[in-house]
Amino acid sequence: MSGGPRLAGGDFLRFVPALTLVLFLAPVAAGLVGTWLPAFGYLPVLGGERFTLAPWIHLLAQPGLGESLRLTLLSGLLSTLVTFALVVLLLAACHGGRLLMALHSAMAPLIAVPHAAVALGLAFLIAPSGWLVRLVSPWATGWNLPPDVATVQDPNALALILGLVVKELPFLLLATLAALGQVRADERLAVARSLGYGPVTAWVKAVLPAVYPQIRLPVYAVLAYALSVVDMALILGPLTPPTLAVQVLRWFNDPDLSLRFTAAAGASLQLLVVAGGIALWRLGEIVAGRLGRGWIAGGARGGNARFLRAAAAGPVLLLVTLAVLGLVALALWSVTRRWRYPDALPSAFALETWARQAPEAGAVAGTTLAVGLIAAGIALVLALACLENEQRRGLTLGSRALWLLYTPLLVPQVAFLFGAQVLAIQTRIDATWLAVVWSHLLFVVPYVFLTLGDPYRALDARYARAALCLGARPARVFWQVKLPMLLQPVLLAAAVGFAVSVTQYLPTLFAGGGRFATLTTEAVGLATGGDRRVVAVYAFLQALLPLVAFVGALTLPHLLLRPRHPALDRAPA
Amino acid sequence: MFRRCLPPLSLLLAALAGFAGGGAAAAEEKRPWDDIVAAAEGQAVYWNAWGGDEKVNAYIAWVGDQVKERYDVTLNHVRLADTADAVSRVLAERAAGKDRGGSIDLIWINGENFAAMKEQGLLYGPFTEVLPNFRLVDFKDKPTTLIDFAVPTDGYESPWGMAKLNFIYDSARVEQTPGSIPALLDWARAHPGRFTYPAPPDFLGSTFLKQVLVELAPGPDILQQPVASDAQFAEVTAPLWNYLDALHPHLWRDGKTFPASGPAQRQLLDDGEVDITLSFYPAEASSAIASNLLPETARTFVLDGGTIGNTHFVAIPFNANAPEAAMVVANFLLSPEAQAVKQSAEAWGDDTVLDLSKLSEGDRHLFSTLSRGVATLPPDELGPTLLEPHPSWMTAIEEEWRRRYAG
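Just so you know, the protein sequences line up as chains C and U, in that order. Going by this note's numbering, the first residue of the first sequence is number 59, and it counts up by one from there. Going by this note's numbering, the first residue of the second sequence is number 219, and it counts up by one from there.
Treat the hints as calculated values from the structure; they're not laboratory data. By construction, the Cβ of each residue, glycine as well, lies at the ideal position given by its N, Cα and C atoms.
FRET-style restraints, in silico, Cβ to Cβ: (1) C:Leu492 with U:Gly319: 22 to 28 Å; (2) C:Ala88 with U:Arg622: 38 to 44 Å; (3) U:Gly625 with C:Leu462: 38 to 44 Å; (4) U:Gly319 with C:Gly420: 27 to 33 Å; (5) C:Ala358 with U:Gly625: 47 to 53 Å; (6) U:Arg391 with C:Glu107: 55 to 61 Å; (7) U:Ala279 with C:Glu107: 46 to 52 Å.
Pulled out of the complex, with its shape left as it was, chain C reads as follows:
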C-alpha cells in the first residue's frame, strides 16, 4: 500500500466533476432537444415524421393562452420583485440587528417545508371559509355564510403570488446573508456610516451594489421557479385558465395523444417565457444600475429612516406568521372529525383519519423517505468528491461552473421533463427507482453543492496540512480530519438535499410514469378532492419529514461527536 492506491484514488476523483456534470446536465440537454423536436412536429412514434410549425399554430390558437401567459408573467415577476424588495428592505433596515437574527431563525425552518405544504396551509387559512375568516366570524364580520370573494385561485393569481413570496423569501434571505460575508459588508457599511450616510441609505448605496452580483443567480433561480411553478399554482392559482406551466402539464396528460405536440410547443414556450423573464429582469438591473449610479453619486445622505424597520419587519413577520399558522391549520385538520364554518376550532377531534390513512400514508412516506435518502446520499458523495478533488488539485470554482450548476434550477422543469421522459422510455428505465432518483438528483445535486461548498472551502487548510505533515495520506485526512470537523455542514447539506427531493412534484410524476406515489404527489393530487382531513395528513407528513431531517442534522453531531472532538466547536457551521 505505497503510492499506488493513492494515485488511483486521485485519478478517480479527477473524473468525478465531469461525471457529475454529465450526470445532471445530460438529461437536461437531451430533454430539451427531446421536447423541441416534437414542438416542431417530429415524434415518429406518434406519426410525426417531418418538421412543421403546426404544433405552434395549434398552440397559439388555444383559447385562454393569452390569459395563461398574463397570469404566468404577473405571478412570476411580481412575486420575485416583492421577495427581492422585502429582502433588500429588511437587510438595509435591520443590518446586523437582533431583529434580523430573530426573523432569520424563525424563517430558517420554512426553507425545509415543501411548497405544496405551504400552499395547502395557506389555502386552508385564507379561503373565504378558511381559518382566518372563521376566527372572526360571525361575531365581528356578520358573515353567517362565507363571503363570495375569491381569495384563493383568484383571477389575478394574487394568492399564488402570496404563496410564492412566503416560500421564496427565506431562501433569498439566506442566500443574501451568505453573500454579505463575501463582500465585507460590515466594513463597507462602517465607511459609509462614517461619511454620514443614514443606515438604510448606507446599505443600499454601499452594500447592495456589491452584494447583488453575488445573489444574481439565486434571484434568477427564484424568478425561473416562480414563472414555471406547477404544484403551488395547482393549489393557489386560478384554473380556468391556469398558468402556462399547469396548462402545458394538462396537455401532456390529455388522453388525446396528438396534444403531445401542442404540449411540447407549450413547454418550449415556457422556456422562452423564463428566458424572456430573466432578460426583462436583466434589463431592469441595467436601468436600475444607471439610475442608481446617479443617485449614489448625488451623495444624498438619507435620514435615520427608523420607520423603515417596521415597514420591512412588519410584512416579513406577517408572512412568517401566515406560513406557520398554515402549518398549524394542517395539523389541526388532520386530527379533526368535524370542523364546520364558522366554528373557530374543530367541534370534534379524532385520530381516525390518521388511523385510516396509516397503511397507505405509511407506504407513501416510505417511498418518499427512500427516494430522498438515496438521492441525498448520492448527491452528497458527488459533492464531497468534487470539493475534495478541487482542494487536492488546488482548483477554484469559476463563475461559469457556477452557472452550469444552476442550469437545472433556471430551466423550467416542464421544458425538458417530457423529452427526458421519452429518453427514459426508450432506454426502458422509465417508472423505475433509477429514473425517479435520477430525476431528483438533477435538483438535489445543485442544492447540496451550494450548501456544502462554502463551509468546505472555509475549513482552515492548516488542519489538513498538519495532518499531511504528520504522514497521513490525503484519504485519511479526508476521512479522519475533514469529515468529522465538517460533520455538521455535511449533514445539513444532506438534509437540504433530502428536503429538495421531498419537494419534487413534476420530476416524480414524469420519471415515475405516474406509478411512484410520494407525499408530494399525493398531497397535490388530493388537494382538489373533497376531504381536507385526508389532505392535511399527507401535507403534514410532507412538511414533517424534511423538518425532522433538519433537526437531525443539527443535533446529531453534538450527540455523536462532542466528547471525542472538542475541535468541532470551532468548525465553521
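Position chain U against the provided structure of chain C, taking the given hints into account.
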C-alpha cells in the same frame, strides 16, 4: 380529484413501444360454467380499479374475502388513480407482443375507456352470457346495462352498478329545490352566488352540461348519434350556450371560476359557500353525512324530467392471466348478496343493476330490508334515467366550453 385526470403516461409508452394496430381475434366464451369455476380454483385475479374512495376499497376487500372462501380465488385490488392507466398498460402489453399472461385480469370500466378497448380489440369475450347471474340484470328498465355511452356492450363487459346524476342540497338553507334545468336558472337568479358546477372536463361538470343539453336540445335522439357536422353541432348546442350565458353571472364567484371536482364542490357545500352540489351516486349525501363531510341536514333532489345516468362495468383484458377466475369474480359481483351489500349505505350505497322481480323471495328480502340512509331518495323517487349522449358530443362540448368560458 386532480389525479383522476392524470396522465395515461403509459399511453406514450405504448406508442413508443410501437403500435401493433388491429384488433386481436376475440373468441366467445362457450365453456360450461362448472368448468370455468373448476379452472378458476386457486387462481389469482389482479383487479385494476380506481382506488380513490375508501368505502369502495373496503367493499372490494370484502368481495376478496368472499371469493376466497367460496371459490378459492385470490383477489388483488390494484388501486388506480385513473382507469386510463390500465387501458394503456394493456395496450403496451399488446404492443410488446404479450398476448397471454398479462398483468391485468379485471378492470372497473365504462364509457370512453370501454369504447377505446373494444375498438382496439383489447377485451376478452364476449363472456357475459356464461355468467349465471347475468340473466338477473334489469335490461328493460336499465338499458344502460347493455348500451354504455351509446356503445353496445356486446358481452364484453359485465354490469356492476348504476350511477345517476343527482343534486345534494342543505335543507337548512334551501326551502324549495328546482325541478328542471330552466327552474334551476330561476333559482340561481333568486340566490346569486349559491350554485356552481365543477369545471369540465371533470366528469360531473361535463355531465351537468350534458344534462342541460339533453333537456334543452330540440331532438334528444340526435344526441345518440355521433356529431355529424360543425353546423349541426352549433345548431343543437345553441340552447345550451344561451342557457349557460344566462346562468353564469348568477353562479358562485360570478361564474368566473369553478370548483375543480365534485368532491371539491361538496366541500364548498359543507363550508356554506354554495347551497347545492352535484353527485353521481344517489347515496352520496347519506354516506357523506356518515363520514362527517356534510351536515345532518344535507338532502338529495333530482329533476322531474329525469337525469342522466349510466352503468359501470367490469371487463377482462384479452391477455388476462386468469380469465376464468375473473369471470367468477364478475359473476359474484352480480349475485344478489353482493349487490345488496353494495347498495347498503354503510357499505357503499351504489345502486343495483339487478331486476328485483327476477329474484327469489329470499333474495328480494335482502334489498327490501336495506337501510337507505337519511338523505337518500327511495328508488321510485329517483325519476327517469336519461341516456348519455354519444361520446363525440361530450368531447366537442368540453372544447367549446373551454373556448367560451375559460379563455
